[in-house]
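So the sequence lines, in the order shown, correspond to chains L and H. According to the working numbering, the stretch in the first sequence is residues 1 to 89, in order. According to the working numbering, the stretch in the second sequence is residues 90 to 396, in order.
No lab work stands behind these hints: they were computed from the structure. Keep in mind it's a predicted model, so treat the numbers as computed, not measured. Quick reminder that beta carbons are idealized off the backbone N, C-alpha and C, glycines included. Misleading hints may appear alongside valid ones.
What the hints assert, rightly or not - Here are some chain L residues pointing at chain H (derived, C-beta under 8 angstroms):
1. 3
2. 5
3. 7
4. 10
5. 12
6. 14
7. 17
8. 22
9. 64
10. 68
Stated by the list, open to error - Which chain H residues stay away from chain L? Per the calculated CB distances, all over 10 angstroms, these:
11. 91
12. 96
13. 98
14. 104
15. 110
16. 262
17. 333
18. 341
19. 376
20. 389
Claimed, not checked - Taking beta-carbon pairs under 8 angstroms as the criterion, some of the chain H residues facing chain L (in silico):
21. 94
22. 100
23. 108
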Amino acid sequence: MALTATLNKLVFAPGEPMVLTVETDPGERDRFTETPFTLNVSVLGVGNADVAAALREQIGDAPVNITDPGHTWVQRSDDGETFIADATA
Amino acid sequence: MPRVTVTVAGQTAHVDYTVAAPALPLMGMATVYADWDDRVAETGPVAMQRLYVGSSWNHSSLVSKINAAHADGLVPYASMKNGGTVASWSQMVSGANDAQIDALATAIAQMPAVTRLAYHHEPRPATLAELAVWGRAHTRFNLRVKAIAGAKVIVGPCDNGHPWSDMAWAHLTDAELAGIYTDAFVDSCDAVGADFYDGETNTNAGEPAWPKARGFWRYWRETRGFTGKLDVGEWNFIEPADVDLMWQQLKAGNFWGACVFNSPENNRTDLPTNKGLGTPPRWTVVPGTPRMAALRAVLDQAGIPGR
Chain L
1 MALTATLNKL
11 VFAPGEPMVL
21 TVETDPGERD
31 RFTETPFTLN
41 VSVLGVGNAD
51 VAAALREQIG
61 DAPVNITDPG
71 HTWVQRSDDG
81 ETFIADATA
Chain H
90 MPRVTVTVAG
100 QTAHVDYTVA
110 APALPLMGMA
120 TVYADWDDRV
130 AETGPVAMQR
140 LYVGSSWNHS
150 SLVSKINAAH
160 ADGLVPYASM
170 KNGGTVASWS
180 QMVSGANDAQ
190 IDALATAIAQ
200 MPAVTRLAYH
210 HEPRPATLAE
220 LAVWGRAHTR
230 FNLRVKAIAG
240 AKVIVGPCDN
250 GHPWSDMAWA
260 HLTDAELAGI
270 YTDAFVDSCD
280 AVGADFYDGE
290 TNTNAGEPAW
300 PKARGFWRYW
310 RETRGFTGKL
320 DVGEWNFIEP
330 ADVDLMWQQL
340 KAGNFWGACV
350 FNSPENNRTD
360 LPTNKGLGTP
370 PRWTVVPGTP
380 RMAALRAVLD
390 QAGIPGR
């Protein structure tokens, strides 16, 4: 996974707005569920057999977890590739 | 160094950053101009010099003093008046002093460092209606100066401090203050300042400067949401403990600067006689007294070059 985290600045004055941007490559945060099921296939005159398969459904993006003991970060936006959060220095 | 760590689907990235320490208030002094070096010899170096040229607009004297302050590495906190009367505010509003304003701003624009500039400090006593005119006069002054001097000047009033007192007789309501400090006035200001004095006498406990400074910054920061500079043209103290309490308020309100009044001028006849103010009692901070020790202790914390 190509994961990058950047801040709008590296040195902040007290009270100054801080903006965190987290970026991943397209699709890398996509998450799916797979529901297995069995399909019975019958061919007339030949016989039948069970085929195992799975239903794959996209359920959303992997969450972005932020750890920063000194500040509270509030999510501003997240399109699945670019996540932006704000804090106050 | 603070670090923000991001975890996504088991992968981790981090970025380090720094939050700078809050700037300490520029601690300066107000005294008789000719006594400056003597007072600094007693207090040690300060960072800002209060400058005043009387009620008449003495351009050459003011510019000379501002230039001298810059040459000494001090931030000049200067003010002037165009007559010193309530009537003079209407004259300022009418544009009668525009040429003087422009000449002063032109001189400041050519200076090597920034100048703090206030028009007609401590405008009271005056009625609220008269003070509203003062506000309009100051607005005109601010806008004209800024149009010429730009970033070389920090403009804004230096009001009396008692409207922000905890004492009911002196306090102005938010509505009364809003009538003076209109949005147009405030928008024209880089800074808002005031002078805070202790009214203690032998018969009256008075009120130290620091509660007024507290009321002042709470009003501007919290009620008005003012994010510009707050400063103090003059403040004094009688009790040594009040110096550190003032320092705490200056930091809490994120004041930009403050000049301690250390001058024999403006003495009241009823100053306390048992508080180390000398004989006869004077505002000047006497060397070797607990008052001087308290003042020096705070100045030592202010990050002043040379201390």
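The hints, checked one at a time:
1. Proximity of residue 3 of chain L to chain H holds as hinted, the smallest CB-CB distance being about 5 angstroms (cut-off 8 angstroms).
2. Among the interface hints, the one on residue 5 of chain L holds; its C-beta lies about 4 angstroms from the nearest C-beta in chain H, closer than the 8 angstroms criterion.
3. Of the supplied interface hints, the one on residue 7 of chain L holds, with its beta-carbon coming within about 5 angstroms of a beta-carbon of chain H, less than 8 angstroms.
4. Evaluation of the residue 10 of chain L hint against chain H yields a held restraint, the C-beta minimum of about 5 angstroms falling below 8 angstroms.
5. A distance limit of 8 angstroms between C-beta atoms decides the matter here; for residue 12 of chain L the minimum to chain H is near 5 angstroms, and the interface restraint holds.
6. A distance limit of 8 angstroms between C-beta atoms decides the matter here; for residue 14 of chain L the minimum to chain H is near 5 angstroms, and the interface restraint holds.
7. With a least beta-carbon distance of about 12 angstroms to chain H, the hint placing residue 17 of chain L at the interface is violated under the 8 angstroms criterion.
8. Against a cut-off of 8 angstroms between C-beta atoms, the interface hint on residue 22 of chain L holds, since the closest Cβ of chain H lies about 5 angstroms away.
9. Below 8 angstroms, beta-carbon pairs count as interface contacts, and residue 64 of chain L has one with chain H at about 5 angstroms; its hint therefore holds.
10. Interface hint at residue 68 of chain L: satisfied, since its Cβ lies 4 angstroms from the closest Cβ of chain H, which is below the 8 angstroms cut-off.
11. Listed as a non-interface residue, residue 91 of chain H fails to keep its Cβ farther than 10 angstroms from every Cβ of chain L; the least gap is roughly 5 angstroms.
12. A Cβ of chain L approaches the Cβ of residue 96 of chain H within 10 angstroms, the least distance being about 4 angstroms, so the stated non-interface status is violated.
13. For residue 98 of chain H, the condition that its CB be more than 10 angstroms from all CB atoms of chain L is violated, with the nearest at approximately 4 angstroms.
14. Some Cβ of chain L comes within 10 angstroms of the Cβ of residue 104 of chain H; the nearest lies about 5 angstroms off, and the non-interface call is violated.
15. Interface exclusion of residue 110 of chain H from chain L breaks down, the closest Cβ pair being 8 angstroms apart, not more than 10 angstroms.
16. Taking the minimum C-beta to C-beta distance to chain L, about 28 angstroms, the non-interface status of residue 262 of chain H holds against the 10 angstroms cut.
17. With a closest Cβ-Cβ approach of about 22 angstroms to chain L, residue 333 of chain H is found to remain outside the 10 angstroms limit, as its non-interface label requires.
18. In this structure residue 341 of chain H is separated from chain L by more than 10 angstroms, as the shortest Cβ-Cβ distance comes to about 13 angstroms.
19. Interface exclusion of residue 376 of chain H from chain L stands, the closest Cβ pair being 36 angstroms apart, more than 10 angstroms.
20. Residue-level check passed: residue 389 of chain H sits 23 angstroms from the nearest beta carbon of chain L, beyond 10 angstroms.
21. Given hint, residue 94 of chain H at the interface with chain L, holds; its Cβ is 4 angstroms from that chain's nearest Cβ, closer than 8 angstroms.
22. The beta carbon of residue 100 of chain H is positioned within 8 angstroms of a beta carbon in chain L (closest approach about 5 angstroms), and the interface hint is therefore held.
23. A distance limit of 8 angstroms between C-beta atoms decides the matter here; for residue 108 of chain H the minimum to chain L is near 5 angstroms, and the interface restraint holds.
Hints 7, 11, 12, 13, 14 and 15, counting from the list given before, are not met by this structure.
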